[in-house]
Amino acid sequence: MGVVGKAFGWLADGANWSGESGVWHRLAEHLLVSGIALGVACVVALPVGLWLGHVGRGGALAVNLSNVGRAVPVFAVLALFMVSPLRSAGYLPTVVALVLFAVPPLLTNAYVGMREVDRSVVEAARGMGMSGGQLFWRVELPLARGLVMTGLRSGAVQVIATATIAAMVGQGGLGRIITAGFNTYNTPQVVAGALLVALLALLVEGLLVAADRLLPGRGRPAPR
Amino acid sequence: MAVRNCLVANDWICWDYVTSRAPELADATLEHVWITAVSVLIGVAVSVPLALLARRGRRWAAPVLGLTTLLYTIPSLAMFSLLLPLFGLSAALVVTGLVLYSLTILVRNVLAGLEAVPEEVREAARGMGYGPARLLWQVELPLALPALLAGVRIATVSTVALTTVGSIVGKGGLGNLIAPAVSSSFKAQVLTASVLCVLLALVADLLLLGLQRMLTPWTRAGRPVRVKGA
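Chains U and L supply the protein sequences, listed in that same order. Counted from 1, the first sequence has number 129 at position 129 by UniProt numbering; the numbering is strictly sequential. Counted from 1, the second sequence has number 83 at position 83 by UniProt numbering; the numbering is strictly sequential.
These aren't lab readings, by the way, just hints derived from the structure by calculation. There's no promise every hint is true.
[What the hints assert, rightly or not] Partial chain L-side listing against chain U, Cβ under 8 Å, derived: (1) A78; (2) V157; (3) S185; (4) S194.
Using N, Cα and C, we set each Cβ at its ideal position, and we do this for glycine too.
Produce the entire structure from the sequences given, and follow the hints as far as they go.
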């Protein structure tokens with residue numbers, strides 16, 4: 001109980017929230033880097049995944065991409081960036097690494113979502129004389145929405161988690177609170193930082209679930 | 001002396017580094033392998049009873065699946081740090097964290113495998129006088145094996161990658177070589193350890209694929225078992 005109590009004590013101390021290495025600044029860094037990376041990853045992955053799903057090509061690539069993504073250690077990729085010339089480019093190494101890790105789940109889920117759309121519905125739409133564009137926007141995309149949103153959620157959580165690991169190579173973000181605690185043998189601070197990061201990840205997951213429910217255009221859940 | 005040059009010049013690829021630090025690299029690789037293997041084995045041992053529990057009905061399935069999915073959301077650095085007060089700086093801490101992560105994939109796959117066992121097969125076994133334990137051990141688990149092994153493959157590959165983060169407590173296998181090399185900008189060490197780590201994941205995946213083929217020869221003829229995404 002002692003350490004957890006002290007961790008809450010650390011969180012309750014206003015001094016730990018202000019300044020360059022305070023919680024607010026680290027949180028802002030974390031959200032900035034994650035937000036940019038998720039945005040870029042969406043712009044890259046969604047059109048490609050949706051288009052591949054629409055034309056029905058590149059399936060093996062699209063599906064295996066997310067499995068390959070699991071095999072590559074985030075920490076090693078960040079470390080490689082940090083010993084390359086990218087090191088002196090501010091937040092860029094973290095953003096690039098985050099984009100790399102967010103693209104696979106987004107692309108795979110977009111592709112799978114498009115392919116899982118009931119073929120008979122697609123055939124019926126074609127039979128009604130819909131063009132490729134109409135089919136895409138008015139039939140496939142609305143029906144694929146559920147899986148695409150699932151991919152977006154897991155991509156966002158992936159990004160938040162990876163942004164934490166950036167601290168291990170000296171980049172900014174909430175993880176720095178944890179590593180700073182490790183370096184000064186301050187276990188309460190380590191636990192406080194871990195609680196903050198875990199809470200942020202769960203909060204983002206929860207917000208995305210809620211946003212998905214509230215946004216218009218949510219049809220009946222896809223039958224599984 | 002061309003031999004010293006690649007270390008002095010801090011080249012990305014340096015064979016001299018590999019030969020001169022061979023014992024260090026071997027130790028780190030060995031630590032990586034045993035931490036991964038122990039974690040996945042414990043993960044399997046824990047996930048089978050959890051999947052059996054989840055199978056008992058929705059009342060159990062929702063909390064078990066919900067909790068194991070929730071665990072995967074927690075960033076690895078936070079997970080290892082939260083376990084710090086419980087375990088101190090030890091390999092047990094890293095193994096515990098990795099086991100918790102592996103449950104997300106393993107429980108789902110074991111459950112999918114058990115649910116795919118045809119009801120007629122169960123009926124036939126019961127009719128032959130199989131009790132619940134013998135039914136599970138001799139009929140259901142063997143039939144669930146393809147899905148279980150598919151889960152073990154995914155879990156192993158992601159565990160190999162996650163083990164590197166254990167370097168925060170000094171028990172990260174190859175990650176232990178990466179962490180100090182970043183602060184000293186030792187390119188050869190970062191690249192060699194990273195490549196070894198990816199190779200390790202590949203080799204483990206291929207070995208498990210071999211095991212899968214050996215243990216479940218009947219799946220090779222037909223379509224591979226389809227497993228729901230994690």
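Going down the list of hints, with the structure as the test:
With a least beta-carbon distance of about 4 Å to chain U, the hint placing A78 (chain L) at the interface is held under the 8 Å criterion. Interface restraint check for V157 (chain L): the shortest CB-CB distance to chain U comes to about 5 Å, inside 8 Å, so the restraint holds. Because the beta carbon of S185 (chain L) sits about 5 Å from the nearest beta carbon in chain U, less than 8 Å, this interface hint is met. Taking 8 Å as the C-beta contact cut-off toward chain U, the hint placing S194 (chain L) at the interface holds, the least distance being around 4 Å.
The structure fails none of the hints (numbered hints given earlier).
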